[in-house]
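Produce the entire structure from the sequences given, and follow the hints as far as they go.
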Amino acid sequence: MILNETQKQVITHVDGPVMVLAGAGSGKTRTLVSRVIYLLEEKKISPYKVLAMTFSNKAAREMKERIATEVDFDIGTLQITTFHSFCARLLRNESEYIGLSKNFTIYDDSESKTVVKSILKRRGVNPKDVSPFEVMYYIDDLKNNGYYLGGSHHAENVNPEDDFFSIFKEYETELHKANAIDFGGLLTGVLELFEKHPKVLEHYRNKYSYVLVDEYQDTNRVQFEIVRKLSEQHRNICVVGDEDQSIYSWRGADIRNIMDFEKVFKDVKIFKLEQNYRSSGIIIEAAAAVISRNRMRKGKTMWTANSKGDAVDIIECADEKNEADFVVKELCELKDKDVLLKDTAIFYRTNSQSRVIEDHLRRQGIPYRIVGGIKFYERKEIKDLIAYLRLIVNEKDSLAFSRIINIPTRGIGATTLRKLEDISVKNQNSLWETVVELVNNSEKYFELKLSARIKSALDEFVHLIEEAKYWDKSGVAPSKVYEKVLHSSGYIEHLKTQKDYESLNRIENLDELLNAISDYEETSLNPNIVSFLETINLDSNHEENSLINENLLSGEVSLMTVHGAKGLEFNYVFVMGAEENLFPSYRSVEEAENGLEEERRLFYVAMTRAMKKLYILFAQARMLFGQYKFNGPSRFLSEIPEHLVNWKRWGIIKNSEDAYHDFDDDDDDDELRRSRLDDEAVIHVARPKSKFNPGVTVIHTLYGEGLVLETSGVGKDEKVLVKFKDGSKRKFMATVAPLMTL
Numbered sequence: 002m003i004l005n006e007t008q009k010q011v012i013t014h015v016d017g018p019v020m021v022l023a024g025a026g027s028g029k030t031r032t033l034v035s036r037v038i039y040l041l042e043e044k045k046i047s048p049y050k051v052l053a054m055t056f057s058n059k060a061a062r063e064m065k066e067r068i069a070t071e072v073d074f075d076i077g078t079l080q081i082t083t084f085h086s087f088c089a090r091l092l093r094n095e096s097e098y099i100g101l102s103k104n105f106t107i108y109d110d111s112e113s114k115t116v117v118k119s120i121l122k123r124r125g126v127n128p129k130d131v132s133p134f135e136v137m138y139y140i141d142d143l144k145n146n147g148y149y150l151g152g153s154h155h156a157e158n159v160n161p162e163d164d165f166f167s168i169f170k171e172y173e174t175e176l177h178k179a180n181a182i183d184f185g186g187l188l189t190g191v192l193e194l195f196e197k198h199p200k201v202l203e204h205y206r207n208k209y210s211y212v213l214v215d216e217y218q219d220t221n222r223v224q225f226e227i228v229r230k231l232s233e234q235h236r237n238i239c240v241v242g243d244e245d246q247s248i249y250s251w252r253g254a255d256i257r258n259i260m261d262f263e264k265v266f267k268d269v270k271i272f273k274l275e276q277n278y279r280s281s282g283i284i285i286e287a288a289a290a291v292i293s294r295n296r297m298r299k300g301k302t303m304w305t306a307n308s309k310g311d312a313v314d315i316i317e318c319a320d321e322k323n324e325a326d327f328v329v330k331e332l333c334e335l336k337d338k339d340v341l342l343k344d345t346a347i348f349y350r351t352n353s354q355s356r357v358i359e360d361h362l363r364r365q366g367i368p369y370r371i372v373g374g375i376k377f378y379e380r381k382e383i384k385d386l387i388a389y390l391r392l393i394v395n396e397k398d399s400l401a402f403s404r405i406i407n408i409p410t411r412g413i414g415a416t417t418l419r420k421l422e423d424i425s426v427k428n429q430n431s432l433w434e435t436v437v438e439l440v441n442n443s444e445k446y447f448e449l450k451l452s453a454r455i456k457s458a459l460d461e462f463v464h465l466i467e468e469a470k471y472w473d474k475s476g477v478a479p480s481k482v483y484e485k486v487l488h489s490s491g492y493i494e495h496l497k498t499q500k501d502y503e504s505l506n507r508i509e510n511l512d513e514l515l516n517a518i519s520d521y522e523e524t525s526l527n528p529n530i531v532s533f534l535e536t537i538n539l540d541s542n543h544e545e546n547s548l549i550n551e552n553l554l555s556g557e558v559s560l561m562t563v564h565g566a567k568g569l570e571f572n573y574v575f576v577m578g579a580e581e582n583l584f585p586s587y588r589s590v591e592e593a594e595n596g597l598e599e600e601r602r603l604f605y606v607a608m609t610r611a612m613k614k615l616y617i618l619f620a621q622a623r624m625l626f627g628q629y630k631f632n633g634p635s636r637f638l639s640e641i642p643e644h645l646v647n648w649k650r651w652g653i654i655k656n657s658e659d660a661y662h663d664f665d666d667d668d669d670d671d672e673l674r675r676s677r678l679d680d681e682a683v684i685h686v687a688r689p690k691s692k693f694n695p696g697v698t699v700i701h702t703l704y705g706e707g708l709v710l711e712t713s714g715v716g717k718d719e720k721v722l723v724k725f726k727d728g729s730k731r732k733f734m735a736t737v738a739p740l741m742t743l
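With my numbering applied, the sequence shown corresponds to residues 2 to 743, in that order.
Because the hints were derived from the structure by calculation, they are not lab data. Keep in mind that the hints are not guaranteed to be accurate.
Unchecked claim - Listed below are the simulated DSBU-like cross-link pairs for lysine-lysine, each with C-alpha atoms no more than 30 Å apart in a straight line: (1) K9 with K613; (2) K170 with K230; (3) K122 with K427; (4) K381 with K481; (5) K470 with K384; (6) K170 with K427; (7) K270 with K44; (8) K474 with K381; (9) K197 with K170; (10) K720 with K322; (11) K114 with K343; (12) K44 with K103; (13) K267 with K200; (14) K103 with K273; (15) K474 with K485; (16) K692 with K726; (17) K50 with K200; (18) K50 with K338; (19) K170 with K122; (20) K470 with K114; (21) K456 with K497; (22) K122 with K384; (23) K485 with K122; (24) K343 with K613; (25) K470 with K427; (26) K118 with K497.
Keep in mind the model is a prediction, meaning the values are calculated, not measured.
Structure (structure tokens):
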């Protein structure tokens, strides 16, 4: 790709703070790669002195590979990595400062949840009163904002008297006892290290003279603080991002990082990459018109030298079945025109929307793949064997111990495990230490009233792990250790005795895990189990799209949520469900301006994935929460200029007026909306009596349990005012809010 003038300026302006506002499809990866090459070749900066961070291991690998092919010297010491990988490596090198050993375990979300559930159970907390999800959300929020125990200046909104804060402290203690850390802790651990140990910070400041951050709009506050501390002296910081594609606030991303960058680095040089190389002229003009309605943006004017292309098709459908009918019909027509299905994609706002389109694709015999199914490393058999490996290298990992002590079945049930846990708590030992002590002291078996069978099982288990630990410490390859555990544990033989299809699949998956370990060994300078576990743990938690492009088969349509589509591109894109309270979501409507702006950014992301043709569909009626809703077209559709749009109707529609004009008045009733369908297609809905009477107790999926104070309106216009246990009062549209009576 020939670089444009702005890209050339980004590449050569290497001294001092730089912010690159890179619009969708503007060639930012090529620019970032060229900037690194310029530093290495022209400025003669050692690869050792450059740190580049992004948000996926795949992106990091690809960037490093591209650089390696374009320079004629070794770049082995060049660090292009993710935030979490960088922090994990740094903490292992400096582990003595944080009270952990170098072989600490990184807990994933499910393991963190297990710890939280255990704490709540110990405290006698009713899950109906406080759910593990609420606690985990609280903990994640603290860590995303840079809070750690003892870091008082990050605690403006932290109440030490709060019950949740007390649980957080106990949670951190449990992790520390297990020589473990969670994903948020990787980040806050580094921040704490930098803030409490100035010499450590000085070392890394001197080590990395140039810092680059990709996808900067996706950073949270703690990531911002880490980057700021690393670069605030030499100030050679370059951040690349697009505020118009900031769509992950729900997992901690903070758009303020990009909006307020100039306040921290006042001498920053700002470049705007505004030329789009991906999409047609009409698609870019339409997307730019939509995103221009947002207030929270730096302001870019996207343009393209590509051909004008086809108008954006907006299709009004009778219901979700007609919507799916249209998509399938259009796919068949595209196939007849020799369009490869791998070049087509179907986006939806929520996963629940996929069922209807899947049914229609199956009936028509059109192959498809769901992007974002169960990940390989989240499958039960894989997590079981990973737990064996974790216990081998970290004997204090009680979660791993609890998972595998009776897998495959050894006759060690919940009662025995509880006894072991009680002893561990009493003696302040790990479960492994407790069992080893039992094995070496037979009298204690009788004290605990454990049978000879259980003693034998524990003896065998300890022998298996100890032997594997010896192999590992002796330098035996991780793949050989894995094979030994797989067979000596009896796991593989147990699956073979099942003789069913699912067990055969599990065996194949375990074979694939062996392949993964072998592949890792081939690319690692010093292969070991700790390093392998770190690699797959970080990959499996941050690689939502890691293999999408490589593995898309030429004959498959891709189905995914819009969030899952970020970073991808397809020639033909169908965006389904462009309706009020769906896209934008009802929650974003409740949150007013900030929520709506993020939804508009999400809509913009959906539009800018399309290269040649964009279809946007909405249904007049859609089955939601067990009944048909008449939400009306998304407000975003009316933001697309009329001269860029080709309106179509699918599903026996009579009226020829523009679709959204029927829905832009709040006083319109369902009869007007239903009149647009032929009589045979009308969906008659019986209006139920309200179940949300004042005094009724309800539960909301996000806010928990509450009491209905008052209701107003009827039918689709019914609103409910609820007071929740935290004292907050919130008003909802009864027909769309996820409220259930108790």
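Each hint tested on the structure:
no.: 1; hint: K9 with K613; result: holds, 28 Å
no.: 2; hint: K170 with K230; result: holds, 26 Å
no.: 3; hint: K122 with K427; result: holds, 17 Å
no.: 4; hint: K381 with K481; result: holds, 21 Å
no.: 5; hint: K470 with K384; result: holds, 19 Å
no.: 6; hint: K170 with K427; result: holds, 20 Å
no.: 7; hint: K270 with K44; result: holds, 19 Å
no.: 8; hint: K474 with K381; result: holds, 27 Å
no.: 9; hint: K197 with K170; result: holds, 19 Å
no.: 10; hint: K720 with K322; result: holds, 29 Å
no.: 11; hint: K114 with K343; result: violated, 37 Å
no.: 12; hint: K44 with K103; result: violated, 36 Å
no.: 13; hint: K267 with K200; result: holds, 26 Å
no.: 14; hint: K103 with K273; result: violated, 42 Å
no.: 15; hint: K474 with K485; result: holds, 15 Å
no.: 16; hint: K692 with K726; result: holds, 20 Å
no.: 17; hint: K50 with K200; result: holds, 18 Å
no.: 18; hint: K50 with K338; result: violated, 52 Å
no.: 19; hint: K170 with K122; result: holds, 16 Å
no.: 20; hint: K470 with K114; result: holds, 28 Å
no.: 21; hint: K456 with K497; result: holds, 26 Å
no.: 22; hint: K122 with K384; result: holds, 24 Å
no.: 23; hint: K485 with K122; result: violated, 36 Å
no.: 24; hint: K343 with K613; result: holds, 14 Å
no.: 25; hint: K470 with K427; result: holds, 27 Å
no.: 26; hint: K118 with K497; result: violated, 33 Å
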